[in-house]
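> Listed here are the chains, written in short residue letters.
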Amino acid sequence: MISRLTSGERSIALMLASTGALIGVLMGAFGSGDPMGVHGWIVLAFCGALILVIGNNFYDPEPSEDRTLSYYDDPTKAGLIIALSWAVVGMGMGVWVACQLAWPDFRFENAWSSFGRIRPVHTTGIIFGFGGNALIATSFHIMQRTSRARIPDQVAPWFVLLGYNLFCLIAVSGYLMGVTQSKEYAEPEWYADIWLVVVWVSYFTLYVRTLARRNEPHIYVANWYYLAFILVMAVLHVVNNLALPASFSGAKSYSVFGGVQDAMTQWWYGHNAVAFFLTSGFLGMLYYFLPKRAERPIYSYRLSILSFWGITFFYIWVGSHHLHYTALPHWVQTLGMTFSIMLLVPSWASAGNALMTLNGAWNKVRDDAALRFMMIAAVFYGLSTFEGSFLAIRPVNGLSHYTDWTVGHVHAGAMGWVAFITFGSIYTLAPILWKRAGMYSAKAVEWHFWFALAGTVIYVFAMWNSGITQGLMWRTYNESGTLKYPFIDTVVAMRPYYIARAFGGLLFLSGACIGFWNVVMTIRRAPLKEPERDYPMNSEEPQVAAVAGK
Amino acid sequence: MKEVRDPLTGHMTTGHEWNGITELNTRVPRAIWLFILVTHVWALIIWILLPAWPVGTTYTKGVLGLDQRQQVNKEIAAAERAFAERDRQIRERSVPEIMTDVSLMNYVMDTASAIFGDNCAVCHGTAASGGPGYPSLIDTDWLWGGDTDQIMETLRVGINSQHPDTRHAQMPAFGRLGVLSGRDVRLLVPYVKSLSGSDIPAEVRAAGEDLFSRNCSSCHGADGMGRLQAGAPNLTDDVWLYGGGDNDIFYTIWDGRQGWMPAWQARLSDEDRKMLVIYLQELADGERP
Amino acid sequence: MLMKIIRVLIKPFASLYEAHAVAHYRIERHSMGLSIGIIIAAAIGGLVEIAPLFTIDETVEAAPDMRLYTPLEQAGRDIYVREGCYACHSQMVRTLRDEVERYGAYSLAVESQYDHPMLWGSKRTGPDLARIGGKYSDSWHVQHLVNPRTVVPESIMPQYAFLRRAVLETQSLPGRLEALRRAGVPYKADMISSAEVDAAGQAKPDSDLADGVFERYGEETAIRNFDGQDGRVTEMDALVAYLQVLGQLTDLPESNSARDE
Chain A
1 MISRLTSGER
11 SIALMLASTG
21 ALIGVLMGAF
31 GSGDPMGVHG
41 WIVLAFCGAL
51 ILVIGNNFYD
61 PEPSEDRTLS
71 YYDDPTKAGL
81 IIALSWAVVG
91 MGMGVWVACQ
101 LAWPDFRFEN
111 AWSSFGRIRP
121 VHTTGIIFGF
131 GGNALIATSF
141 HIMQRTSRAR
151 IPDQVAPWFV
161 LLGYNLFCLI
171 AVSGYLMGVT
181 QSKEYAEPEW
191 YADIWLVVVW
201 VSYFTLYVRT
211 LARRNEPHIY
221 VANWYYLAFI
231 LVMAVLHVVN
241 NLALPASFSG
251 AKSYSVFGGV
261 QDAMTQWWYG
271 HNAVAFFLTS
281 GFLGMLYYFL
291 PKRAERPIYS
301 YRLSILSFWG
311 ITFFYIWVGS
321 HHLHYTALPH
331 WVQTLGMTFS
341 IMLLVPSWAS
351 AGNALMTLNG
361 AWNKVRDDAA
371 LRFMMIAAVF
381 YGLSTFEGSF
391 LAIRPVNGLS
401 HYTDWTVGHV
411 HAGAMGWVAF
421 ITFGSIYTLA
431 PILWKRAGMY
441 SAKAVEWHFW
451 FALAGTVIYV
461 FAMWNSGITQ
471 GLMWRTYNES
481 GTLKYPFIDT
491 VVAMRPYYIA
501 RAFGGLLFLS
511 GACIGFWNVV
521 MTIRRAPLKE
531 PERDYPMNSE
541 EPQVAAVAGK
Chain B
1 MKEVRDPLTG
11 HMTTGHEWNG
21 ITELNTRVPR
31 AIWLFILVTH
41 VWALIIWILL
51 PAWPVGTTYT
61 KGVLGLDQRQ
71 QVNKEIAAAE
81 RAFAERDRQI
91 RERSVPEIMT
101 DVSLMNYVMD
111 TASAIFGDNC
121 AVCHGTAASG
131 GPGYPSLIDT
141 DWLWGGDTDQ
151 IMETLRVGIN
161 SQHPDTRHAQ
171 MPAFGRLGVL
181 SGRDVRLLVP
191 YVKSLSGSDI
201 PAEVRAAGED
211 LFSRNCSSCH
221 GADGMGRLQA
231 GAPNLTDDVW
241 LYGGGDNDIF
251 YTIWDGRQGW
261 MPAWQARLSD
271 EDRKMLVIYL
281 QELADGERP
Chain C
1 MLMKIIRVLI
11 KPFASLYEAH
21 AVAHYRIERH
31 SMGLSIGIII
41 AAAIGGLVEI
51 APLFTIDETV
61 EAAPDMRLYT
71 PLEQAGRDIY
81 VREGCYACHS
91 QMVRTLRDEV
101 ERYGAYSLAV
111 ESQYDHPMLW
121 GSKRTGPDLA
131 RIGGKYSDSW
141 HVQHLVNPRT
151 VVPESIMPQY
161 AFLRRAVLET
171 QSLPGRLEAL
181 RRAGVPYKAD
191 MISSAEVDAA
201 GQAKPDSDLA
211 DGVFERYGEE
221 TAIRNFDGQD
231 GRVTEMDALV
241 AYLQVLGQLT
251 DLPESNSARD
261 E
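Residue numbers (the UniProt record's numbering), protein chains in the order written: chain A, 1 to 550; chain B, 1 to 289; chain C, 1 to 261.
Keep in mind the hints are simulated off the structure, nothing from the lab.
C-beta atoms are modelled at their ideal positions from N, C-alpha and C, and glycine is treated no differently.
Be aware that one or more of the hints could be misleading.
Not the full set, but computed from the structure, chain C residues with beta-carbon under 10 angstroms of chain A [as the list claims (entries may be wrong)]: (1) 54; (2) 95; (3) 121; (4) 196.
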C-alpha cells in the first residue's frame, strides 16, 4: 500500500506519524502516573508502528500508475477490514456485558471488567468503531464514484481513517482505566475529543475537495447525507464536549455545563448522535448501495429532498424527549415530544423511498441475501423510527424510560438498521473493491442473514418484554392503592429476559464472525473479475478529468 | 443524460446519473402530505394547550395552564385524601385493634410489604430474617425493646443515627483499645458462650466471670441478660447478631461493635412506620408454629 | 367537502415544499452551499431549546441553603463517574406519583446545579439514587459495595471491593476544584487551597483536620470514618461520602412538594 504513495506523500506521511509519536512521548512524560501517560504510550506505539511500515517501504520505486484513470480504494479496503474487526470486538463486548446482567459474577476480580467500565467499550466499539469505520470507508468509495473523480490526494484519507481509529483506541482503552466523562456516547476525555476535531476537520475538507473535482453537475443524495453526518456531528461533538481539564497533565476534566443545562446539552448531543451518526450517515450508505444492488432507480428524488431536509431540521429538536418528567422545564419537554412526532414523516418517507425503490427487484431480494440485508434494514429503520416517535410521547415515555424498552429500541435500530445496512453494503462492496466475481460463499451470506435476523428479533422481543414488565411493575398499585412491588422484585423478574437477550446477542455476533470470515476468504480465494466500469471518467465525455494539482 | 420514462413505474427520471444510479422524479405521494398535515396540526394544538415556546426570559404557558409539578402534587394530594380515613384509623387505633380489623389489615399488609422491600430489606433481608450484623425482625429478640411503642421509637430516631433523639449504643473495642489483653479476651469467649448454656471447666468459668463482672456487666448486667436502655443485648439467649462462633465473639470483644440504623422520621410517615411494626408482628406470628 | 378542506390545508405545506425543492435543486450543485444549508437547518432547534435555559430564571430554582460538595464528596463523585455508575443508576426522581412515593420528593434542577457533568442517568438497572443519602449506614454501603450479594442476594451489581484498598489520590483535588470553580461552582480560594487537607479531615473525625471542614462547608457536613478503616483515606471513603450526601444538599425539594399542594 505504501508503494502506491509518491515519495513526496511518503515524506508527508512519515512527518505526520513522527509528529504523532512526539505528541505521544510528551503525553507519556507529562501524564506519567495518570491514565493520560498510558495513552501517551499507546499513541507512541500506534505512530511508531506507522513509522516502521512507512519507513520499510520508503525507498520503493515511484508508482507509475496514471492517477486520473483509477479510484483510490486502499483506504476503503483497510477501513472495511477495520470496521469488521471492531464489529467482532464491539459485539463480543456486548455479549459479555449482557451476560454480566444475567450472571453478575461472569467477570474478573479486577476493576476494569465491571459493567460500568466495559459497557462504554461495547457502545463505543459498535457506534464509533464498527459504525464509524464503515461510514468512513463507504464514504470514500461513494464520494469518488458519485463524483466520478478520484480522491484528491492519498495521504488525507489515511490520516482520516487511521487518526479516527487512534481516537477509538484511546477512547476504549480509557474506559478500561476509568477515563470517562460519564456523558453517554461522548465518554472520551478532552485530549481525545480535541484529536477527533482535528481528524474530523480533515475528513470534511477531504470530502469537499473530492466533491469539488466531480464530473457531475449535481451532488447525489448519498453525499448530502454524508455531509450532514460530518458537519452536524462536528458541531454536536464540539459543543457537548466543552470541558475544563483539571490539569493539562491529567485526563480528568469537568464539563463547562452543569445540571439542567448539561442535561439538555447532553441529550441534544446524545439523540443527534443517533440522528446524524446512526441515521444520516447510514442513509447515505443506503442511498448508494441499495439502488446499485437492486439496479433500480431511486423511487422519488422529490421524496429524497423532503426527507433529507426534514430529518436535518426536525431531529435536532427532539433530544429533550430523553428528559420527560425530569427537572428539565416542561416547555422543552413539550417541544421535544411534538417535534418527535413531526419527525416521523420524513423518517418514514426515507424508509418508504428505499422500499419503493425495490419495486421491480423483489425477485432479487428473494435470491440475493446482500440485497435482503438492505431491505430488512429499511424495514427496521421504519420500525424503530416509529417506535422512537412513539416512545417520545410523554405518558409512554413515563413508562418506558429507565427500562430495557429503551435498550430494545436502540438495538432494533443498531442491529436491525445500522448493522444490516452495513453488512448488506459490505457484501456489495467487497467484491467490487477486490475485483472479485462475488462473495466467496453465498451460502455463508445466507447463514449470516438468518443468524442476524434471529438474533435481532430475539433481542428486541426480550427487551420489549423486560422493559414493559419492569416499567409496569414500578407503577403497579395493589388493591389497597399503594405500590405493590419493591424495586428488587423487578430485578428478579428481569432475569429470564436477560438470558434471552444474551443469547440473541450471541447469535448476532456469530453472524458477524461468519461475515468477517467470508470477506477474508473472498479476498484470498474468490475468482477475479474486472468490474464493468469503475474509473473516474464521465462515460459520455471521455476526456480526462481535472488533473490533480500535485 | 436525458430524462427518460421508467418502463416499470411509468415515472420520468430526473436526467441525472451517478455511476449507474438514476432517480425517478415521482411526485411526493398524497399520503405523505396528509401525514404531514396531521402531525403538524397535532403539534400546533399541543403547543397551544401546554407550555411550549421560549420567549426571551419566559415561555408560553399554554391555555390549560398545566405544569408537571403541580400535576404530580395534585395527584399525590388526591391519593392522600383517598387514604385519609384509613390513615386516621391507623393513627388513632391501637395495634391489637388494627390487627383484628380484617380490611384494615389487608391495607396494612399490602402497603407495608413494598415499603419494607424498598427501605428495610437491603439490610434485614426480603423476609425480614436478618443477616450478619443486621438483626432478624421476626424473632422475639429486640435489642431496644419489642413492644409497639419501643419499635416505633427505634424506627423514628434510628440507632446511632444523625437524629437528635437517636438511640445510642457502642460496645467499646476492649482489645484494640488495650483494656483487655488477647489472653483476657480468649478467656472471656468461652464464658460468654457458657451464658447461653454450654458447659465449660470451672477454672475457665471463674476467670471469665471475674473479667465479665469487671468489664461487661455494667451494660450486659451481672447475669448477662442485657439492658434495653443501653442497647446491650441479652447474652444468654443464644442469639448472636454478629455470629456465635469463637472467632466471631473474639472479634466482637476485640474490635467492639456499633450498630447503625437510619432514622426514618423524615422518610416515612408516622402511619407508614406504624404499619411496618404491624407488618413485622404479623410476619413474626406467621413464623411461629 | 372533507377532501376539499384537507386540500386547502395541505396547500401551504405543498407550496412551501415546492419553493424549497426549487432552492434545493439549485443548492445541490454547490457543496459549500449545501453545507451552509445543513448547518443552518440543524442549528435552529438547538439554539431555541438550549439558549433559553440560561436566560429563563425559573429554570433553576433558588435554594439559599444549597451547599457545595466537599473535596472528599467531589472525589467520590469523580469515582462514581469513573466507574460508570450512571449506566445503571439514575439520579432523577421524575414528577410521577409512583416515583415520589418510592424514592421521595421529585428532583429539582437546583439540586444538580453544581453537578459537572449532571448524572441524571438514562437507565435504572438498579434503583434511583437521587435521595440515597442518609438512607443507609456507611457500613452498609461499604459492605454492599464490597460485595452486593452479601446483603442483597438478588442483586446483580458488580463488586467494588478494590475501592477499600485503593488509597484516595488527593494531590489533584485543588486543581479539580479550581476547574469546577471556573465552570461556575462557587468554591472560595481557601476551599481550593485546603482541598487536600479537607478531604483527609472529613474522613478522620478524631483529628484536628476535621474542624476546617466544618468551618468551610458548614455544620451539616458529615464527618465520619466512612469506610470504617483507621488510618489512610480510601476511595471507599470518598464514594460513600458522596453517596451519603446525595439528596442532602438542600431542603428545598421537600418543602416544595408540600407548598404546591
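> In ascending order, which of the hints set out earlier in this document are inconsistent with the structure?
4
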